[in-house]
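Chain A is fixed; fit chain B onto it per the hints.
Okay, here's what each chain looks like letter by letter:
Number of protein chains: 2
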Amino acid sequence: MQLLKTSDEGFEKAFRKIVNDRRESDGDVTQGVTSILNEVQRRGDAAVIEYTMRFDGHHLTDDDDWRIPAENCARAYDELDADLRDALELAASRIRAYHVAQMPQDRDYTDAAGVRLGARWHPVDAAGLYVPGGRAAYPSSLLMNAIPAKVAGVGRLVVATPTPKGVTNPLVLAAAHLAGVDEVWRIGGAQAVGALAYGTGRIQPVDVITGPGNAWVAEAKRQLYGVVGIDMVAGPSEILVIADGRNNPDWIAADLLSQAEHDPNAQSILITDDAKFAWQVEDRVDVQSSMLATRKTARTSWDDHGVIIIVDSMDEAPALANRLAAEHVELAVDDPDAMFAQIRHAGSVFLGRHTPEAIGDYVAGPNHVLPTGRRARFASGLSVLDFMKRTSFISATPDALSAIGPAGVALATAEGLPAHAKSIEMRLK
Amino acid sequence: MQLLKTSDEGFEKAFRKIVNDRRESDGDVTQGVTSILNEVQRRGDAAVIEYTMRFDGHHLTDDDDWRIPAENCARAYDELDADLRDALELAASRIRAYHVAQMPQDRDYTDAAGVRLGARWHPVDAAGLYVPGGRAAYPSSLLMNAIPAKVAGVGRLVVATPTPKGVTNPLVLAAAHLAGVDEVWRIGGAQAVGALAYGTGRIQPVDVITGPGNAWVAEAKRQLYGVVGIDMVAGPSEILVIADGRNNPDWIAADLLSQAEHDPNAQSILITDDAKFAWQVEDRVDVQSSMLATRKTARTSWDDHGVIIIVDSMDEAPALANRLAAEHVELAVDDPDAMFAQIRHAGSVFLGRHTPEAIGDYVAGPNHVLPTGRRARFASGLSVLDFMKRTSFISATPDALSAIGPAGVALATAEGLPAHAKSIEMRLK
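These protein sequences, in sequence, are chains A and B. Quick note: the first sequence, position 165, residue 165 per the numbering used here, numbers continuous. Quick note: the second sequence, position 260, residue 260 per the numbering used here, numbers continuous.
Here chain A stands alone, though its shape is the one from the complex (with noise of 0.2 angstroms):
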C-alpha cells in the first residue's frame, strides 16, 4: 500500500503516476490474440477445437461438449437452494427494472422547413455474452450482460464460457436459464470471441460482444471492434473511497478489500482528511483480510496497487477523483450530494455511508459492467444502448426540398462534388 498525502511536495508526480500507471493496455498479448483470430477466421471450428483442448483440456466433439443443453441451465435453476434462487430472482428483477427505463425514444417529426426528420432504434439480431470459467465465473456477470440485452429486445443471445477439463458452473447456468439465454457454447479464451465475432461451422456470428475476461479476452474484443459492437476494453476493478472520519474504519475497510479480492491486479484508494482513521482502517483492512477466504488476492493487490491519499480538506478530493475517474466511487460523508455534484468523471457512484459498493455488483439494479482504467473520462456503463443502434432518416416534400436544397447545391460545389449538387439541382422545382 501506498501512502500519499496531498501537502508532500513529491505528491503530483507520484499522483500522477497512480493515474497514468491505469491507462496502459497489456501489449504482451497482442501478437498471441491476433494469431488465434486469424486462425479462427480461416479454420473455423477446426481451430476453436485445437485452442479449447490446449488451453482449456476440454476436448470439443460431439454435441454436448459444444454445447449445454437449455435443460441442463433449467435444471441447474431448479436445483438451487431456494435463497439463492430468491436472490438471483431479487438481482435480476431490479436490473431490469432500471434497464427497461433505459430504453430510448424514436424520434419523428417535421420542422419548420417542412422537411420531416427523425431516428428509429432498433436492437441488434445476436449478441454474445462472455463468461469466464474458474474465479471470474459471476453468475451476477451474466445477469448485467444478458438482461440489458433481452430488455433491448435481442432476438438471439450467446454465451461463450471455457468449462477447463469439462467442469460446469451450476450457479452460472441457472443465471442462464433465468435470464433466457439462447445457447450456451463450452468455449473460452480469444478463440471464443473470434468464434462469436467471425462465426464458424457450429457457430452462427454475433453483432456484439460483451462480458468480462481475462487480458485474452479483452485483447481479442479491442482487435475485433469494427467486426462487431463490444462493450468496452475492460482491465482490473478499481475502487475510490472518499470518506470522512466519522465512518466506521471496519466498514471503510470491508469495502477496499471488496474490490481488492477480485484480482491481485485490483486496485483500491481511499481518500480522507483524516490520518488517525487512514490508520485505523489500514488496520482493519490487515485484521480482515487475514480471515477472508480470498485473503492471498486481497493482501496482493492492497500491498501492491492500494493507496491512500490524506488530503488537508475533502474540498481537494473531487479534483482527485475526477483525475483517477474510477470505475466505483464511494462517497462517505455527510453531504454525499454536494461532493457527488462535482463529480465528472465515475462509472458509478455510490451515495452515503450505507451504500456499499458491492451492493451495487448484486442487487441495486444499475449495471455493475462499468469503465476501467479511467475510461470513465470518455465511456459509460453498459447499457440497453449497448445492444442497440439508431437509423437516422429524412424525408423532404418537393418544397421541402426546394427550401433547404440550393445550400445543399452550393455546398456541394464548394467541395468540389458535383454529382452531389446534381442530385439535389435535378429535382429542384
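By construction, these hints were calculated from the structure, which means they are not laboratory data.
Some but not every residue of chain B turned toward chain A, in silico, with C-beta under 8 angstroms:
| hint | residue |
| --- | --- |
| 1 | ALA376 |
| 2 | ALA419 |
| 3 | ARG427 |
None of the values given here were measured: they were computed from a predicted structure. C-beta: ideal position from N, C-alpha, C; glycine also.
Just chain B, lined up with the frame of chain A:
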C-alpha cells in the same frame, strides 16, 4: 458494375460475396500504424515533426507551423462568398437543432424498496476531430463532427488536419470558426491521431477522437480505442437505392454517382423490380459520369463496386437491405414508410422520391457520419452521445439496505467473494 437477379441460380453466392467483402478491414497498414503510434507515444513532438515532414512535406518549427491561429479561421469565414456563408450557416443551424434534441435526460428516482437510483450524463473534457486534407477536406464533415461535440458541452474542441506542403483549406477554416473549434493543429495521418490520444509536449491529450480519414487514420483510431473513445471504424461510403420503375432514371443515376464520386472504393447499389428501368439508369450513369469533374473516381467506383440487383418483387428488397446494412438507403417508392418499417439495419434512410441522399450530407440536420461496411448491424451515426458518458449512482438508507442487502450477501457468498458479503453484512441493522 455487376448485375444480379434474385431469380438467378447463383444469386445467393454472389450476393453473399458482396455482403462479406465489405466486412474486412485493411490489414496492410496495421503494423505501420502500430510503429507510428509507438514512436509518437515515446518521442512526442519529435516523432510528429518527422512524420509530418515525411508524409505531408510540411515542416513543423514555430507556433504558426504547428497551429492555425483563431484569427485565420475568423478571417477565412469573413472572406467567404455570401451565398456560401449563408449555406454554411443554414447547415450549422439545422445540424445544431437536430442534435440539441438528442441530449439525454438524467435520471434520479427512489424505487419501492427505498433505494435511490439514477444516472447523470456529462460531456467529455476534450474531443479531437480529424479533418482530412486534400480531396476529402470537407467543411461539412467538420460541422457534422464539431457541432454535436459543442452541443454535448465539450469544453475543449481540437481539430487535427494535415496541410500538405503548408497549404490550408479556407472552407475548412471557416467551418472551424463557425463551429467554435478551440484549436487547429496542422498535423495528419496516424501520427495526428496518436498525438491527440497520448498528448505530446505541445498538444494536450483528448478523451474522444472522431472524424473521417484514410486507412491509416481509421486503423490508428481502431488501435487507440480504449485509450480514448472513438466514433466508429469508418470505411468507404455506400449507398443502396431501392427504386421502382416509376422514378426518373436521371435522378437515380445522380444519386448512385453521388456516392461513387467520393472514393474509388465507394459502393453504389441499386435494387429495382424493373429491368428496363435498371438499364435506363445504367445508361444515365454512363452519360452523367462522363460530364463530371469527378468522373475518374466515380467511374472507377461504379465499374469496380457498383451493383444492380433485379428483384422479382419489391417485397424482396427489405431483406436484402437488412443483409447489406448499408450506410445510406434511399427508398424511392410510392409508400416509403411501409418499406422503412421493414428495414432494421441502415445508417440513415431517405424516404421518397424527393429526398436525395446528398441533402443529408449537408443541410437536412441528422449526422452524415454513419456506420459503413455493414456496421449498421450494430453501430449508429455520430451523435451527442459520442461526446458524453453516463455515471450511474446508488444511494441506500439503512432501511433500504436491510431490504435488499441480504440477497447481495447470499450472492456474494455463493460467488466466493467474502469481503463483498462482509461489506454489506456489517451495515445491516
